[in-house]
Amino acid sequence: MPSTSQRLDVIFAALADSTRRAILARLAAGQASVNELSRPFAMSQPAISKHLKVLERAGLISRGQDRQRRPRRLEAKRLKEATEWLERYRQLWEANFQRLDTLLDELNAEELATAELKNKEKKQRRSKRRRRESNDTQHAI
Amino acid sequence: MTHSTPSRGTLKVTTPSDREIVMTRVFNAPRRVVFEAFNKPELLKRWLLGPPGWEMVVCEVAAKAGDKYRYEWRNTDGTQFGTGGVCVEMAPPERIVCTERMDGRPGESRLTTVFNENAGKTTFTMTMLFESRERRDEALKSGMEKGVAISYDRLEEMLSTMERGAAKS
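Protein chains in written order, with my numbering: chain D, 1 to 141; chain A, 1 to 169.
Among these hints, one or two may not hold up.
List time: in silico DSBU-like cross-link candidates among lysine-lysine, alpha-carbon distance up to 35 angstroms [claimed, not checked]:
#, chain 1, residue 1, chain 2, residue 2
1, A, 12, D, 77
2, A, 40, D, 120
3, D, 122, A, 40
4, A, 141, A, 40
5, D, 50, A, 12
6, A, 121, D, 80
7, A, 40, D, 123
8, D, 80, D, 53
9, D, 128, D, 118
10, D, 118, A, 40
11, A, 121, A, 64
12, A, 45, D, 120
13, A, 121, D, 122
14, A, 64, D, 118
Don't read these hints as lab results, they were simulated from the structure.
If we strip away everything but chain D, and leave its shape as in the complex, we get:
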C-alpha cells in the first residue's frame, strides 16, 4: 500500500498537465466517453487515451458500467485529497496577501500625497524665486 505522500505525488504529477486538468474540468460536469472527451481538444483519440491512463492510474477517474461507451467519470474524492492540501495552503497565503493589498494601497496613497506635497513646494519655491528675480530686475532698473 503506497503512502499518502506517494499517492499524492502521482496525483500532483497527473494534475501538472493542462490537458489533463481540462479533462477533469469537463468530467466535473458529468461522465463522458473517450470520443466525447477528444472532441474539444483537437487531439487524436490515442493521445487522449494516454492522458486518461495517467488520470486513471492516479485514481482521479474511473470507467463507467456501459460496456460500449466506457464513459469516464471523475473520482472526486481522490481529487479532493490533493486539492484540499493545495487549496488550504493557497488560502493561508491568500489571507496574507489580502492584508498586503491593503497595506500597498496605503503605501501608494502615501507616496502620492508625498509627491503632491513635493510638487506644491517646488511650485512655491519657483514662484518665490520668480518674484525675487522680478524684484531684482526692478531694482536694477
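Assemble the complex: chain D is given as a structure, and chain A must be docked to it using the hints.
Frame of chain D; chain A shown alone:
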C-alpha cells in the same frame, strides 16, 4: 457556474515538479513598493501573519547576501513558531534568493522570489525548492496543521481556477 472577477490577481499555487511549490500573484503597486513591503520589518509585521490569532513577534530581515533572517510568530494561546535562514542573493527591487529552515521541521529549502513590474502592477513569483518530495509535501500539509478552517465543497471552483490558470499560461 458564476465567478466573481477578483479586482487583483488571485494567488495561484502550483507544483510544477516533485520538489517545488510555486506561488504567483499580482499586486496593484510598483515593484519598488512591493519589494519594501517584503523587506521592511515594520511593513512585514502588518501582513505576514498566517491564520487569525497569530502575531509576528520577531522580524529580523537580511539586507544583503550572507545576512541571516529570522521570523517568529506567536498565537493567542501562546504557541510559538519560527523560521529563518540565510540570504543568498539580494537584488532590489527584482530578486531575492534565500534558504529557509522551519522550526521543528527537518531539511532546508531554497526560496527564489522574483518581482516583475508591468504597467504599475507587480507580478510576484516565489519558487520554493525542497530537498525531496516528502519535504515538499510536509510543507504543503503545514497549511492544514495550522488549522485554517475552510469549506471542503470547493472542488468545482478549484478545478475551474486551475483551468483558467492553465489557459492563461
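Going through the numbered hints above, which ones does this structure break? Give me the numbers in ascending order. none
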